[in-house]
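Given next are the chains, with one letter for each unit.
Number of protein chains: 2
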Amino acid sequence: MSVHPTTLKTYGSRVSLHSNPTAKRLLEIMERKQSNLCVSIDVTNTAEVLEIVRGVGSKVCMVKTHADIISDFSSAFADELVRFSKELDFIIFEDRKFADIGNTVVHQYQSGPLAIASWAHLTNAHPIPGPGIITGLSSVGLPLGRALLLLGEMSSKGNLATGEYTKKTMQMAKEAGREFVVGFIAMSRVDPEEEEDWLMLTPGVGLVQGGDKMGQQYRTPRDVILDSGCDVIIVGRGIYGVKGGKDAMEAEAEKYRRAGWEAYEERLKRT
Amino acid sequence: MSVHPTTLKTYGSRVSLHSNPTAKRLLEIMERKQSNLCVSIDVTNTAEVLEIVRGVGSKVCMVKTHADIISDFSSAFADELVRFSKELDFIIFEDRKFADIGNTVVHQYQSGPLAIASWAHLTNAHPIPGPGIITGLSSVGLPLGRALLLLGEMSSKGNLATGEYTKKTMQMAKEAGREFVVGFIAMSRVDPEEEEDWLMLTPGVGLVQGGDKMGQQYRTPRDVILDSGCDVIIVGRGIYGVKGGKDAMEAEAEKYRRAGWEAYEERLKRT
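Residue numbers (the numbering used here), protein chains in the order written: chain A, 1 to 271; chain B, 272 to 542.
A hint or two may mislead.
For lysine-lysine, the following DSSO-like pairs were computed, each having C-alpha atoms within a straight-line distance of at most 27 Å [unchecked claim]:
1. B/Lys-484 / A/Lys-174
2. B/Lys-428 / B/Lys-438
3. B/Lys-295 / B/Lys-428
4. B/Lys-439 / B/Lys-304
5. B/Lys-357 / B/Lys-295
6. A/Lys-243 / A/Lys-255
7. A/Lys-213 / A/Lys-24
8. B/Lys-280 / A/Lys-168
9. B/Lys-438 / A/Lys-168
10. B/Lys-514 / B/Lys-484
11. B/Lys-526 / B/Lys-445
12. A/Lys-157 / B/Lys-439
13. B/Lys-438 / A/Lys-213
14. A/Lys-157 / B/Lys-438
15. B/Lys-357 / B/Lys-517
16. A/Lys-246 / A/Lys-269
17. A/Lys-213 / B/Lys-484
18. A/Lys-86 / A/Lys-213
19. B/Lys-280 / B/Lys-445
20. B/Lys-280 / B/Lys-517
21. B/Lys-428 / B/Lys-439
22. B/Lys-295 / B/Lys-526
23. B/Lys-428 / A/Lys-167
24. B/Lys-484 / B/Lys-526
25. B/Lys-439 / A/Lys-167
26. B/Lys-438 / A/Lys-167
27. B/Lys-526 / B/Lys-280
28. A/Lys-157 / B/Lys-445
29. A/Lys-9 / A/Lys-213
30. A/Lys-255 / A/Lys-33
31. B/Lys-304 / B/Lys-517
32. B/Lys-484 / A/Lys-168
33. A/Lys-174 / B/Lys-428
34. A/Lys-168 / B/Lys-526
35. A/Lys-213 / B/Lys-540
36. B/Lys-484 / A/Lys-167
Partial selection, computed: residues in chain B whose CB lies under 10 Å from chain A [to be verified]:
37. Gln-305
38. Val-314
39. Gly-328
40. His-337
Honestly, the hints are just simulated from the structure, not real lab data. Predicted, not measured: the structure shown is a model, and the values here were computed from it. Glycine residues also receive a C-beta, built at the ideal position from the N, C-alpha and C atoms.
Bound conformation, chain A alone (with noise of 0.2 Å):
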């Protein structure tokens, strides 16, 4: 397969190929901080989350929530997070994955007691609604200066985003233009033939090969970022799920940020 030019470019040279502020913002914080590592915080109370973003929030790009999990989440919560986010440097992405019709959408963006579009820098969703999902969310989103991925691929085992499906996401965000969809949650760079730049960030990722009990399967940082091409690899349990508390925790994120960053500087000496 022949090397895709997105992926010989610096994270630094892409800042100004995107209009979108978080996308800048994004590919700003990864060159500065020498980090392509995603945490993904999957715990379900405030007290928890935060000391994860204590513990690893330096060596990250991003924090990836799900705030619905998060039994006593509050506004405080999330004002708490924006902090942490200035002070630590960091993008807060929240995994809604939505999958309504434009109009659900725009009030599940806004409204309730998440209100995920007044605290998340950035969002997905999954294009099977059609191009009024992308529409809805445009509209709550692109004025707070907010981005969007759109789910082409998923990690887990049997799932039906694939072949033609992933195409057609490809397609739906070309029309829907680069202002708010910014990229794509995927597997490999679902871009081959695409000169505009597309980020791409990939869940699944442990040291070691392997899967749960409930369909999940794990690659290594290296199979995502020099083999697949992505950009940002997005890792959960493997972080936070060691033993040991606040510095073996670190100690972890740290390791998956080399093993990413070495994945990446390796894939810019290629030709």
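Fit chain B to the supplied structure of chain A, relying on the hints for placement.
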């Protein structure tokens, strides 16, 4: 097109074809109240939701919610909704459209500020993540007697839930079995060659055909129940968006209930 055998059976006679308690109760309610109408309540505070429930609860077999758009959602509100579901005899359907991997949906269904599994009899999921999403949701919902619908088709313009995707959804449901997955969100019967009894619930229904600015498309109760052979019509803004207060809303719900029921009676007369 030949007539699907399921569409020649009364709702009451289909009760015994299901083992899931929520599916059984739904079919019993439909028969008892002569209603295949589900009202979709997409308003953003609990007072408004409860006003609509009081206004139309006696006319419907089901109330569909989006808990995450309700700003003042609380467990006390959920209790009140459950109380109404007993008093006015309807099923509560939280239209969550789960769309994540198994491990994540377990938390999303069970935990967090919404604790959906604790109050919603029925919920739904996109099949995209693969069978792990059913495994995850089932591990929470089945012990509680809850039920799940898969989204096999959608009502919005340009949606990707078509053709092979829809067939794979049906296949995934069959492989999971009918203990927890009891049917589909669909625009037509997506079980053409199936002998098992599946429930088909159809959104995007209005008394006149049309659409909104974000890609939603409307069909009539007769289109859905008679021509497409689906079982439940889901009506939102067509009912609660009517002007004139509680009486007007109730009268509008009665129009839909009657239109849906007459289409059902007409379909039973075919051979």
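For each hint, the structure was consulted:
| no. | hint | in the structure |
| --- | --- | --- |
| 1 | B/Lys-484 / A/Lys-174 | holds, 20 Å |
| 2 | B/Lys-428 / B/Lys-438 | holds, 19 Å |
| 3 | B/Lys-295 / B/Lys-428 | violated, 33 Å |
| 4 | B/Lys-439 / B/Lys-304 | violated, 34 Å |
| 5 | B/Lys-357 / B/Lys-295 | holds, 15 Å |
| 6 | A/Lys-243 / A/Lys-255 | holds, 15 Å |
| 7 | A/Lys-213 / A/Lys-24 | violated, 37 Å |
| 8 | B/Lys-280 / A/Lys-168 | violated, 39 Å |
| 9 | B/Lys-438 / A/Lys-168 | holds, 18 Å |
| 10 | B/Lys-514 / B/Lys-484 | holds, 20 Å |
| 11 | B/Lys-526 / B/Lys-445 | violated, 36 Å |
| 12 | A/Lys-157 / B/Lys-439 | holds, 14 Å |
| 13 | B/Lys-438 / A/Lys-213 | holds, 25 Å |
| 14 | A/Lys-157 / B/Lys-438 | holds, 18 Å |
| 15 | B/Lys-357 / B/Lys-517 | holds, 21 Å |
| 16 | A/Lys-246 / A/Lys-269 | violated, 35 Å |
| 17 | A/Lys-213 / B/Lys-484 | violated, 42 Å |
| 18 | A/Lys-86 / A/Lys-213 | violated, 36 Å |
| 19 | B/Lys-280 / B/Lys-445 | holds, 21 Å |
| 20 | B/Lys-280 / B/Lys-517 | violated, 34 Å |
| 21 | B/Lys-428 / B/Lys-439 | holds, 21 Å |
| 22 | B/Lys-295 / B/Lys-526 | holds, 26 Å |
| 23 | B/Lys-428 / A/Lys-167 | holds, 18 Å |
| 24 | B/Lys-484 / B/Lys-526 | holds, 25 Å |
| 25 | B/Lys-439 / A/Lys-167 | holds, 18 Å |
| 26 | B/Lys-438 / A/Lys-167 | holds, 19 Å |
| 27 | B/Lys-526 / B/Lys-280 | holds, 24 Å |
| 28 | A/Lys-157 / B/Lys-445 | holds, 17 Å |
| 29 | A/Lys-9 / A/Lys-213 | violated, 38 Å |
| 30 | A/Lys-255 / A/Lys-33 | holds, 14 Å |
| 31 | B/Lys-304 / B/Lys-517 | holds, 20 Å |
| 32 | B/Lys-484 / A/Lys-168 | holds, 22 Å |
| 33 | A/Lys-174 / B/Lys-428 | holds, 17 Å |
| 34 | A/Lys-168 / B/Lys-526 | violated, 39 Å |
| 35 | A/Lys-213 / B/Lys-540 | violated, 48 Å |
| 36 | B/Lys-484 / A/Lys-167 | holds, 25 Å |
| 37 | Gln-305 | violated, 29 Å |
| 38 | Val-314 | holds, 9 Å |
| 39 | Gly-328 | violated, 22 Å |
| 40 | His-337 | holds, 6 Å |
When each numbered hint is compared with the structure, violations occur for hints 3, 4, 7, 8, 11, 16, 17, 18, 20, 29, 34, 35, 37, 39.
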